[in-house]
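Assemble the complex: chain Z is given as a structure, and chain E must be docked to it using the hints.
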Amino acid sequence: MTAREQVTLRRSIDWGALGRSAYQAALSVTLSLLIGALLLLISGQNPVLAFRSLWDGAFGSVNRFTETLVQATPLLLIAISVSLSFRCQIWNIGAEGQVILGGIASIWVALTFSELPPAILLPLTFIGGALAGGMWSLIAGLLKAYAQANEVITTSMLNYIAVYLLAFLVHGPMMDPAGFNFPQSPLIARSLELPRLVAGTRLNVAFLIALLLVGAALLYWRTTLGQRTEIVGASRRVARQIGFSVPATIALVSMLTGALAGIAGWGEMFGLHFRLIEEFARGMGSLGIVVALLGELHPLGMVVSAFLFGALVVGGNAMERNAGVPFALVDVIQGCVILLILARGYIFKFRRGAR
Amino acid sequence: MGIVEMTGITKRFPGATRAQSVLANDQVNLELHKGEIHGLLGENGAGKTTLMNILFGLYQPDAGQILVRDQLVTITSPAAAIHHGIGMVHQHFRLVPPLTVTENIILGLEGRGLLDLRAARQRVQQVAEEYGIQIDPGATVQDLSVGQQQRVEILSSLYRGAEILILDEPTAVLTPQEADSLVACLRTMAEQGKTIVFISHKLEEAMRLTDRVTVLRAGRVVFEALTRDTDKAQLAREMIGRDLIALRAEQRNRVLVLAGAQDAAPAGELAAPRATGKVMLEARAVHVNDDRGLPAVRGLSLALRSGEILGIAGVDGNGQRELAEAIVCLRPLQAGQLVIAEEDASHWGTHDFLQRSTGYIPDDRQNDGLILGFDLARNATLKLFRHRPFSAFGFLHDRAISQFTVEMMEDFDVRAPSPFVRASTLSGGNQQKLILARELSQTPRLIIASQPARGLDIGATAYVHQRLMEERDRGGAILLISTDLDEIMLLSDRILVMYNGQSMGELDAYAADAQTLGLMMAGTPLGGAEGAGGAA
Chain Z
1 MTAREQVTLR
11 RSIDWGALGR
21 SAYQAALSVT
31 LSLLIGALLL
41 LISGQNPVLA
51 FRSLWDGAFG
61 SVNRFTETLV
71 QATPLLLIAI
81 SVSLSFRCQI
91 WNIGAEGQVI
101 LGGIASIWVA
111 LTFSELPPAI
121 LLPLTFIGGA
131 LAGGMWSLIA
141 GLLKAYAQAN
151 EVITTSMLNY
161 IAVYLLAFLV
171 HGPMMDPAGF
181 NFPQSPLIAR
191 SLELPRLVAG
201 TRLNVAFLIA
211 LLLVGAALLY
221 WRTTLGQRTE
231 IVGASRRVAR
241 QIGFSVPATI
251 ALVSMLTGAL
261 AGIAGWGEMF
271 GLHFRLIEEF
281 ARGMGSLGIV
291 VALLGELHPL
301 GMVVSAFLFG
311 ALVVGGNAME
321 RNAGVPFALV
331 DVIQGCVILL
341 ILARGYIFKF
351 RRGAR
Chain E
1 MGIVEMTGIT
11 KRFPGATRAQ
21 SVLANDQVNL
31 ELHKGEIHGL
41 LGENGAGKTT
51 LMNILFGLYQ
61 PDAGQILVRD
71 QLVTITSPAA
81 AIHHGIGMVH
91 QHFRLVPPLT
101 VTENIILGLE
111 GRGLLDLRAA
121 RQRVQQVAEE
131 YGIQIDPGAT
141 VQDLSVGQQQ
151 RVEILSSLYR
161 GAEILILDEP
171 TAVLTPQEAD
181 SLVACLRTMA
191 EQGKTIVFIS
201 HKLEEAMRLT
211 DRVTVLRAGR
221 VVFEALTRDT
231 DKAQLAREMI
241 GRDLIALRAE
251 QRNRVLVLAG
261 AQDAAPAGEL
271 AAPRATGKVM
281 LEARAVHVND
291 DRGLPAVRGL
301 SLALRSGEIL
311 GIAGVDGNGQ
321 RELAEAIVCL
331 RPLQAGQLVI
341 AEEDASHWGT
351 HDFLQRSTGY
361 IPDDRQNDGL
371 ILGFDLARNA
381 TLKLFRHRPF
391 SAFGFLHDRA
401 ISQFTVEMME
411 DFDVRAPSPF
421 VRASTLSGGN
431 QQKLILAREL
441 SQTPRLIIAS
451 QPARGLDIGA
461 TAYVHQRLME
471 ERDRGGAILL
481 ISTDLDEIML
491 LSDRILVMYN
501 GQSMGELDAY
511 AADAQTLGLM
521 MAGTPLGGAE
531 GAGGAA
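As you go down the protein sequences, you meet chains Z and E in turn.
The opening residue of the first sequence carries number 1 in the numbering used here; numbering runs sequentially from there.
The opening residue of the second sequence carries number 1 in the numbering used here; numbering runs sequentially from there.
None of these hints come from the bench; they were simulated from the model.
Every residue gets a Cβ at the ideal spot worked out from N, C-alpha and C, and that includes glycine.
Check each hint, because a few of them may be wrong.
[What the hints assert, rightly or not] From the derived model, a few chain Z residues whose C-beta atoms are all more than 10 Å from chain E:
1) R190
2) P195
3) L218
[What the hints assert, rightly or not] So, partial list: chain E residues that the calculated Cβ filter (under 10 Å) puts toward chain Z:
4) T350
5) D364
6) R378
7) F420
This is chain Z alone, in the form it adopts within the complex (with noise of 0.2 Å):
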């Protein structure tokens, strides 16, 4: 019996479904760039000068490295928040509104009670940037928990809500008096501003805070509020019957999910821009999601294909730059890698185990 306990008893780690996992993410990767490569071909321009940019874009450099890094930065916070939901089957592309929302309230928060010591202003500011991304999906939450409205719908709509309202804000209330009529907001104080890691390069704290919270997401799944969203999440049916009210989790895995895209807004403006600005938030939102999806949902996975895609948007400008690449062929292999991904059981033959 005691053989057996040390045998049975520690959950080991599947390495089969892990390499599985990483040959199907690599592949579905490699793919993709050959056939943004076959488009480059096709449009007579070379795919070997514009793939050599694009890694001296992002990793020619210390700095163009660490630049890689900023950017990984808010996907990977995104993609945390989004595997939250995902893993809950709330299907959640609201991530940019909630971005959007969690930069307005912690500039607005910053430049309102700018009196107070940073000491207490900025972690105030963080607050209310998590606060403002959880109630803005706290709506889609809701509508989805108590009415059955559709959260694809209701978030990405939100989503549109957001863009505008930023966009109102800095052209209205909260432009800048002495900004020269730009669509801005006005700058924070110096002494709010996230200290940088490597001096002379963008990469701040925020990026620090993203791998503390990747920390924070592999301890989530262990505990009993974890496993509460994955059985909300595997069976409505069985959380009902074990006690679970559905609507009341739905709500906060809402909740928790908004909270970490709003940080990821923070991070953003405190690490970044140090003001609100039109479109800070573009296209996040839906990148985070791939990030999401290739790193399989895994708070690690999700750490590696965070900084893959890093790479691909600072590499993709230097391409567009340097060899006249447009932009346009980086979204072209970001969509690439999420029809793979998601049609990966049919692409990839390979053999199953049990099911």
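Below, chain E alone, put in the same frame as chain Z:
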């Protein structure tokens, strides 16, 4: 001479081993006459639907032949069946909700080129009038009631020239009023020379509607007769099987032998009903609705004491599931009162029910009992993981969880390589044992067991039965809901028969015989045919 003759039809569905494979039809002979309504009766899993799916070309028989109008035919697909004039209306409709009635009916018959909807609509109207089917060909299907949708299905078969129409449990989804109107419609069709096969396990309907009946049991034809030459009691006996009392004693012995007991008692010594403890569950005139919001349980009362098993017998779909879900507080009461362990439970939620030392074995073990994608450890602790020692301060204790699961696997004989394999990899029997482990490990005072042995092999069935009897002997109060009369008679101390959401009466299991129970299951209340059942 029959319009259809099926002879020697045999169909086996493969399983992992030969023992697990299912012989759904065994040398079945069936003859259908032109212009008759033929009832095909049998319990769930008796092979009725399989036989008709073979006739409709959905399955190929392993052996046997089919003659249609004296021609030997091989029906390879539903299209071929329709070509031979055979149409089928399934339990689950195959309609496209946003399309109109006409569009649904002509679906697949459009031909090439432009669609002449106006002409099609006129033809649909024409066919509908011919058989007295009232339907608006221009209505959108999703706006129609279930009964009307069924008429669209029937109309669709007739439109395709069906002479033989198979209806698979057509009244299961209908309200009584809709069922009456369906019956009238089928009568008209039969009078006009259509042949109708009516699959059912409701005796009342079969007696009322059919001209001839064939009863299947365990894949074989066990009885056939003209409906006017038989009665409900006989049909019930044929559906369930003869000699139930002998079978019950024999099975009880087998359970005890399998359980390792030496003193398997002869049947006669089982007779003394035990004295019982305090009332653990009481339902007072409860009313419960089904998922469609229609009344499913209508004023049912029962009382269950510690140390006894109360069996709820009845043909499937007579409100048992809704009753079970109401008792475990998953489904709200419309009226009446529920008392659990001397507390008013009428307005409880599942959370309150769980806190009262209770166990629930749901009938749908794969959807309600387990999360198949979760491993055994997480399934075994589904109801416990929020409490010490399985978690503390919100964090799960993996070691305690796996230790508990390993112990449960030993105690309840769950055979699996480790507690970390997915529940989906287990056989049905092992899945059910895992559920038993979870529900019984905390020695509950009240257990609701719904179809606890459905679909299990003999060994697993005996194990489940033995466990339930042990729980009873320990002093647990057990409500056993089953459509399997053998199981009910084997385990119960008292039997309550449910029909159409009501109690047909309650009797002592040792005094019960299959004939009385069969009549009650068919809607005749205990104590004579003059009662309320005659009104149905």
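Checklist entry - Checking the smallest CB distance to chain E, is P195 of chain Z really beyond 10 Å? => result The claim holds: P195 of chain Z sits with its nearest Cβ about 32 Å from chain E, beyond 10 Å.
Next on the checklist: Under 10 Å is the threshold here; is the Cβ of T350 of chain E close enough to any Cβ of chain Z for the hint to stand?
Outcome noted: 5 Å, holds
Next on the checklist: Let's test the interface hint: is any C-beta of chain Z closer than 10 Å to that of R378 of chain E?
Outcome noted: 7 Å, holds
Next on the checklist: F420 of chain E was flagged as interface toward chain Z. Is the shortest Cβ-Cβ separation under 10 Å?
Outcome noted: 5 Å, holds
Next on the checklist: Holds or violated: the hint that D364 of chain E contacts chain Z, with Cβ atoms closer than 10 Å.
Outcome noted: At 8 Å from the nearest chain Z Cβ, D364 of chain E passes the 10 Å test, so the hint holds.
Item to check | Assertion that R190 of chain Z lies farther than 10 Å from chain E (Cβ) | outcome: 39 Å, holds
Checklist entry - Beyond 10 Å from every Cβ of chain E: is that where the Cβ of L218 of chain Z lies? => result 12 Å, holds
Going down the numbered hints, you'll see the structure goes against none, and every one checks out.
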